[in-house]
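2 protein chains.
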Amino acid sequence: MTYALAIHGGAGTILRSKMTPEKEAAYHAGLARALAAGQAVLDEGGAALDAVVAAVCALEDEPLFNAGRGAVYTSDGTQEMDAAVMEGATRRAGAVAGIFGPRNPVKAARAVMERTPHVLLIGEGALSVAREAELPFGDADYFHTDSRWDALQATLAMRAEGRETDDPARRHGTVGAVARDRDGHLAAATSTGGMTAKAPGRVGDTPIIGAGTFADDATCAVSGTGHGEIFTRWTAAAEVAARMRHRGESLEQAASHVVMQDLAPNDGSGGLIAVDAAGRIAMPFNCEGMYRGCVTDGADIRTFIYR
Amino acid sequence: MTYALAIHGGAGTILRSKMTPEKEAAYHAGLARALAAGQAVLDEGGAALDAVVAAVCALEDEPLFNAGRGAVYTSDGTQEMDAAVMEGATRRAGAVAGIFGPRNPVKAARAVMERTPHVLLIGEGALSVAREAELPFGDADYFHTDSRWDALQATLAMRAEGRETDDPARRHGTVGAVARDRDGHLAAATSTGGMTAKAPGRVGDTPIIGAGTFADDATCAVSGTGHGEIFTRWTAAAEVAARMRHRGESLEQAASHVVMQDLAPNDGSGGLIAVDAAGRIAMPFNCEGMYRGCVTDGADIRTFIYR
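Chains as they are written, first to last, in my numbering: chain A, 1 to 307; chain B, 308 to 614.
The shape of chain A in the complex, shown without the other chains (with noise of 0.2 Å):
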């Protein structure tokens, strides 16, 4: 039985104008990266849930990602990150929102599934869980980078003279990572930070079980990142998963037609990554791009940006 596992670190409007050589030398190198963090365990028979929180974690810990260290500010200067992990085996999740402090908020959101009966906790409830669980913290410092400071200064700026910032990494940065174990079991897991500038509380879609994050051995496991509000209301993963279960339709027809029949057309720009039992990977976005990568039982890591 082979494996499978595809990442990506969000997606939008990624400008190939913005773009330096070097950036993009970086991009490819932090996807391969945890992509190698999460093929070292599929490689050793590993299960799907350890490889996909391999991978974020790996995400996170880079701060050119919106996760973890390196995630974005709210409107008043703090950082609030979501994440959520699934397994496919037994649809038992576990989720996270609005919290500040563990160094890899997916490790918070397994602890939940892991050692509570709960699927999504809160804030200080999430947290008391994490300290439980002996997650290793971050301080300020820690999960500080001047380049989400100086978009957090910059989008305020525009704010302040009524307009909104077209800053594409302002509303795509997420990570998440989906797989299939040499066992046939899929896991799927989420992190962001948010977007900039978003008004304390807000929580997208990456901890909504269904929305941003989910998998079912039946069907597929699915990461999703874009706008998060849409997301959310068409209940994008739980939907690529419908239309595997009800219609039949291959996982790359129903990731397609999600991404591009579903939120497209309602202002739902962004994309997913998604992986189904017999391990094919769609990636699908309907936006400029998406870093995204993907590796196979026996294949070469493989990373993308545009088209």
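The set of hints was computed from the structure by calculation and includes no laboratory data.
Computed from a predicted model, the values in this text were never measured in an experiment.
Mixed in with the good hints, there may be bad ones.
So the derived label-pair ranges between C-beta atoms look like this [to be verified]:
(1) A:Met260 with B:Thr385: 17 to 25 Å
(2) B:Asp453 with A:Arg131: 42 to 50 Å
(3) B:Gln560 with A:Leu15: 47 to 55 Å
(4) B:Gly352 with A:Asp267: 25 to 33 Å
(5) A:Pro136 with B:Thr385: 26 to 34 Å
(6) A:Ala140 with B:Tyr613: 41 to 49 Å
(7) A:Leu15 with B:Ala525: 34 to 42 Å
Glycine included, each C-beta is placed from N, C-alpha and C at the ideal position.
Dock chain B against chain A, hints included.
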């Protein structure tokens, strides 16, 4: 064109042996008042959204039901409320989680939908939207009921002895409404205090679009009540709509399948209320009872507790 309205006040092991004639009459009266409040809107040609909010406000105001006034207590002795609304014509949605303050959390959810670009706001962020909307707030005295406080003390005492209570009121308190107005539009609203002695920060299915609350004019409006974590992992409300949309099932078939075949075998005790675009109503549940009722154009108000 006819209108239709259905409501619930929670589901679970509602034991006849613990019910008195006086208590039973009070529940029926509370349900009837909520139906009358929603019907008054629909009778005048008002919108489904206004009707479900009016009905849920009446249930929140009635201390017998676990939402708004009379919400249950967390293990810390605090009250944390969740609510959501969704309208079928646009799939617009609003939700709040983990809030204490607004007398009618469902109105706070509506304010998030109407006054922000977001779907879900938690904690202080949600409260500041409620304040801007000038919604009436209540204090601890307003929300307090002796019976809920006593239920917390009893639960904590049992927990101290290493036992969990089997008090049905602990796990299954939620209120909700679904409606179809004379213009053929659908809406859903759900509100809850959660579970007695829940961990602070625990968010169930109520404010999760697609889990406890969903509406789409093309299919149905749904509000759920039961074991929230399972409703979330099975995306219960969205799945009723998905079965109708993709399999061509009737409202009755789809709602019944989700409650009896998806939720029941997976520890998902509870039920849901649903209405479709033709004004048909379904109110399936897989436990002993569900406080519920419905009314349609030209018919009398009917309320039920047991099968």
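Of the hints stated earlier, which fail here? As far as the earlier hints go, 1, 2, 6 are violated by this structure, in ascending order.
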